[in-house]
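With chain A fixed as given, assemble chain B onto it according to the hints.
Sequences listed follow chains A and B, in order. Numbering-wise, the first sequence is residues 0 to 219 according to numbering that gives the first Met the number 0. Numbering-wise, the second sequence is residues 0 to 273 according to numbering that gives the first Met the number 0.
In short, the hints are calculated from the structure, not lab data. Where is the CB? At the ideal position from N, CA and C, for every residue including glycine. One or more of the hints may lead you astray.
[Said to hold, decoys possible] Now the stretches of chain B that chain A is said to cover, found in silico as 3 or more residues with beta-carbon under 8 Å:
| id | segment |
| --- | --- |
| 1 | 221 to 232 |
| 2 | 262 to 271 |
[Claimed, not checked] Keeping only pairs whose Cα atoms sit at most 30 Å apart, straight-line, the calculated BS3-like set for lysine-lysine is:
| id | chain 1 | residue 1 | chain 2 | residue 2 |
| --- | --- | --- | --- | --- |
| 3 | A | Lys83 | B | Lys257 |
| 4 | B | Lys245 | B | Lys261 |
| 5 | A | Lys137 | A | Lys83 |
| 6 | A | Lys137 | B | Lys261 |
| 7 | B | Lys143 | B | Lys257 |
| 8 | B | Lys257 | A | Lys137 |
| 9 | B | Lys261 | A | Lys83 |
| 10 | B | Lys257 | B | Lys216 |
| 11 | B | Lys160 | B | Lys207 |
| 12 | B | Lys261 | B | Lys121 |
| 13 | B | Lys143 | B | Lys121 |
One-letter residues, chain by chain:
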Amino acid sequence: MRHFAVELEELNQALLAMGALVESSIHCSVQALVNRDERMARRVIEDEIRINQMELDIDARVTRLLALNQPVAGDLRLLIIALKINTDLERMGDLAVNIAERAISLAKVPLVKPLIDTPRMASLVEDMLHNSLDSFVKRDAALAATVLPADDEVDSIRDNIYSELLEVMQSNPTVVPSAIHLMFVARNLERIADHTTNIAEDVIFLVRGIDIRHPAAQKL
Amino acid sequence: MELAAVTTIKEPATSDPAGEKPVEKPLLKLQASNVNFFYGSYQALHGISLDIRERRITALIGPSGCGKSTFLRALNRISETIRQTRIEGRITLDGIDIQSLDVTNLRRRVGMVFQRPNPFPKSIFDNVAYGVRINGLDKRLPLKEIVERSLHRAALWDEVKDKLNDSALALSGGQQQRLCIARALAVDPEVLLLDEPCSSLDPIATAKIEDLLFNLKDQCTIVIVTHNMQQAARIADETGFFLMGKLIEFDRTEVMFKKPSKQETEDYITGRFG
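Isolated chain A, as found in the complex (with noise of 0.2 Å):
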């Protein structure tokens, strides 16, 4: 194999390593909420580190591949989503840490309301990004545009979680500073997702070569 071509793979591997990295943290960062878990919050917030190590990594590598061997092809879409894949991923696991940092606030006080729809949402998030991932893995642009409809459901449970959260914060002000802690992680999730949709989005464009972002403004 030539040597670009190991360069690619390893790049493409490290993506891999971070994907699951995020996915972990996402994971965790919504068990230590639903569980009262600090130690696993911690652990959240420790991880980080290790993703931002990730995200320099990566923008090097890909520096590197555009500056030395003028790709082209599928090695050039490749190496642009790489870097948008790369952001994407990071910004997720900040989403996660401040998961984790509500997380370890909540443990402190009662329970507002019994965790129904967040745990819900979260899978359905934790689905996205690993359906997304894995059609990175796959290059498959069928399995990435199953992706982007969930985002709908996502928004919706966000939606419920806000009306729900404002009826116990106005029959219980006392209970505020916890819903409102409630309130962003069900906002960080639907943010999650986003990004999430994001890298489906960039997966089309990896093995299909067509833009399919902002379809409204690309008919201005």
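Same frame as chain A, but now just chain B:
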């Protein structure tokens, strides 16, 4: 016989923003239809069909021996100068079969620049004036003006204006190649064929030739054979990929380098060939 490769480029939708007048589409300058070419019994080209559009740069890429230079040389019938060659199919210039044209007139209209700069052992002035003198063309302009204009068009004037009577052989390789382009331009060709014109030049001289070709395309149609894929990507509007005497893919250059439709093209341009 195998089907010829698809060769007419699909243009992206074009219209002027106000939608008032249709955007002028480039005309087809040269059209090859089902061209086969033989060196003796060896068939070097197989059923090549390709449309070359007017005032565009068309690049032909592919590995050594793929037939791209053979095809280029067939476009002004310079391939006929090689013995025991035979061509089948049809190539037209402005819709007229080039076989029916006077070959000298054809080669005046379709000029050629070769891989290695090949100035004549004459002065810079006489090199550029050569074609005009033997053709006895364009009585409207004095020879001096034709030479100056050609050197300007080849972006060489400023470097040689004070030494037009010096030997062309004293010029650097890059300057010699631009001189050869000026010599070709002096007879006002409609098409300029270039066979790896930058392969013996350094990056600075290469950049000058590329800029020159880019500026020339307003005035003439350019077909360039190049081994340098980045060069094709930088300057060509359309690119054709040849492999083993066949035209595998022909499309807008951006498409060829972003998402070619044929695996063979992808393998070649990404260096995974063979």
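Hints versus structure:
Beta-carbon proximity to chain A at under 8 Å applies to 3 residues in the segment 221 to 232 of chain B; the threshold of 3 is reached and the given coverage holds. Residue count for the segment 262 to 271 of chain B with a Cβ under 8 Å from a Cβ of chain A: 6. That meets the three needed, and the coverage hint holds. Only pairs whose Cα atoms come within 30 Å are accepted, and A/Lys83 paired with B/Lys257 is accepted, the gap being roughly 17 Å. For the suggested pair B/Lys245 and B/Lys261, the alpha carbons sit about 13 Å apart, so the restraint of at most 30 Å is met.
Between A/Lys137 and A/Lys83 the CA atoms are separated by roughly 18 Å; this keeps the pair inside 30 Å, and the hint holds. About 20 Å separates the Cα atoms of A/Lys137 and B/Lys261, which keeps this hinted pair within 30 Å; it holds. Taking the CA atoms of B/Lys143 and B/Lys257, the gap is about 46 Å. The hint is violated against a cut of 30 Å. Proposed proximity of B/Lys257 and A/Lys137 is supported: the alpha carbons are some 20 Å apart, at most 30 Å.
Taking the CA atoms of B/Lys261 and A/Lys83, the gap is near 27 Å; set against the 30 Å cutoff, the hint holds. At roughly 23 Å between alpha-carbon atoms, B/Lys257 and B/Lys216 fall within 30 Å of each other, so this suggested pair holds. For the given pair, B/Lys160 sits about 17 Å from B/Lys207 by alpha-carbon distance, which is consistent with the 30 Å threshold. For the hint pairing B/Lys261 with B/Lys121, the CA-to-CA distance comes to about 48 Å; that exceeds 30 Å, so the pair is violated.
Distance restraint check for B/Lys143 and B/Lys121: the Cα-Cα separation of roughly 16 Å lies within the 30 Å cut-off, and the hinted pair is therefore satisfied.
In summary, the numbered hints that this structure violates are 7 and 12.
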